[in-house]
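Taken in order, the sequence shown gives residues -2 to 388; the numbers are from the working numbering.
Everything labelled a hint here was simulated from the structure, so no lab data went into it. All figures in this text were calculated on a predicted structure; none of them were measured in a lab. Warning: the hint list may mix true and false statements.
Claimed, not checked - Using C-beta positions, here's what the derived DEER-type ranges look like:
# : residue 1 : residue 2 : range
1 : G264      : G53       : 39 to 47 Å
2 : T(-1)     : G343      : 22 to 30 Å
3 : L60       : E381      : 49 to 57 Å
4 : G291      : I177      : 32 to 40 Å
5 : T103      : E42       : 40 to 48 Å
6 : Y290      : N179      : 25 to 33 Å
What the hints assert, rightly or not - Straight line, CA to CA, 25 Å or less: simulated BS3-like cross-link-like pairs of lysine-lysine:
#  : residue 1 : residue 2
7  : K247      : K215
8  : K163      : K329
9  : K104      : K62
10 : K149      : K211
Where is the CB? At the ideal position from N, CA and C, for every residue including glycine.
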Amino acid sequence: MTYNPDKNGYYGQFGGAFIPELLFPNVKELEDNYIQIIESESFQEEYKALLKDYVGRPSPLYLAKRLSEKYGGNIYLKREDLNHTGAHKVNNTVGQILIAKRLGKTKIIAETGAGQHGVATATVCALMNVECIVFMGEKDIERQAPNVARMKMLGAKIIPATSGSKTLKDATNEAIRYWIQNPETFYLIGSVVGPHPHPDMVARLQAIISEEMKWQLKEKTGKENPDTIIACVGGGSNAAGAFYHYLEDKEVELIAVEAAGLGVNSGESAATSQLGEVGIIHGSKTILMQDEYGQIVEPYSISAGLDYPGVGPLHAFLFDSSRAKFMNATDKEALTAAYELTRLEGIIPALETAHALAVLPKLEIGENQTIVINLSGRGDKDLETYIKYLE
């Protein structure tokens, strides 16, 4: 596939593994084994059984009739919010905990922004009786209190990141520092970011989303391919999963939606593709927001899960090659879209997902057009924010 990384972990010019020497054996061990493990019969059997009986997959593909009436076309929602733990993140954590166990790892570390990945990691660690440490920005700990409580209840130890903007970037920094000091641990990365092979491994585990979309669309519309797929992008794992099986089908339009915060050029934004340049962050070469000296510019978004200064290398390549169209939505547009979905369809989306919904008014939608929006998470964790802005 054009969109799989090469043997050195590069998507075009993006990717690779820029890591300290101490981490090399750990990363190399994963690189040498992950595809073989994922493709093995025993892994697939256990993975699929857990996705079915524990996670609750397949997640439904729902025709949002009132949303479709408002914007035209046929708008389907891929209901990842109905998964156990409330988001797409669990697809990846179930897969990675099985890989970790096959590699003999007994201690898991993870980073989290909105807390969904932290909860999903703590969940599978409880399930498999494995020690779990989650790094989370101090600011995110405050704004995602329900998820923090869930992680603690599941037995995870939470370590706050108190440097920088005290958000996802800083949590990832702290996780990588800990990993360097404790290389025997397994770093369960939550998005398609980090050194190779992490972006590819996470994309393969999230590909279950588009795998299901194909047969569900065939069942509902008579054809496997929609006209357009829309997903929000921070690091980009839900988008990678939703796009994965359509990457080679050029007739399917892929739209990635970033968080514009208070406005792309406001200085308070996380619209990486618009504001970023090529650089290295968290072990891979990608597009990231940086100043003239190469120092990372602090991102901002009302949504903790999109509050990240870069995108994963696959998405950097999709942007650079124009395979995906990158759009953005402000805080205000995301809030408006969230309230609209709630009132039209009775579904409260996560703030991250609301950014994907927010581009609907900006699109020209034909009467017979089929659009799938990846509804990546539910809004329970964001209720405090929603209530604050509720008119």
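Tested hints:
1. G264 / G53: 39 to 47 Å: At 42 Å between Cβs, range holds.
2. T(-1) / G343: 22 to 30 Å: Since T(-1) and G343 have Cβ atoms about 40 Å apart, the given range 22 to 30 Å is violated.
3. L60 / E381: 49 to 57 Å: violated (31 Å)
4. G291 / I177: 32 to 40 Å: violated (21 Å)
5. T103 / E42: 40 to 48 Å: Given a distance of about 23 Å, which is not inside 40 to 48 Å, the answer is violated.
6. Y290 / N179: 25 to 33 Å: Given range 25 to 33 Å: holds, Cβ gap about 31 Å.
7. K247 / K215: Within the cut-off at roughly 18 Å; holds.
8. K163 / K329: Since the Cα atoms of K163 and K329 sit roughly 23 Å apart, the hinted pair holds (cutoff 25 Å).
9. K104 / K62: The given pair, whose Cα atoms are some 46 Å apart, is violated under the 25 Å limit.
10. K149 / K211: violated (37 Å)
The structure fails to meet hints 2, 3, 4, 5, 9 and 10 from the earlier list, while all remaining hints are met.
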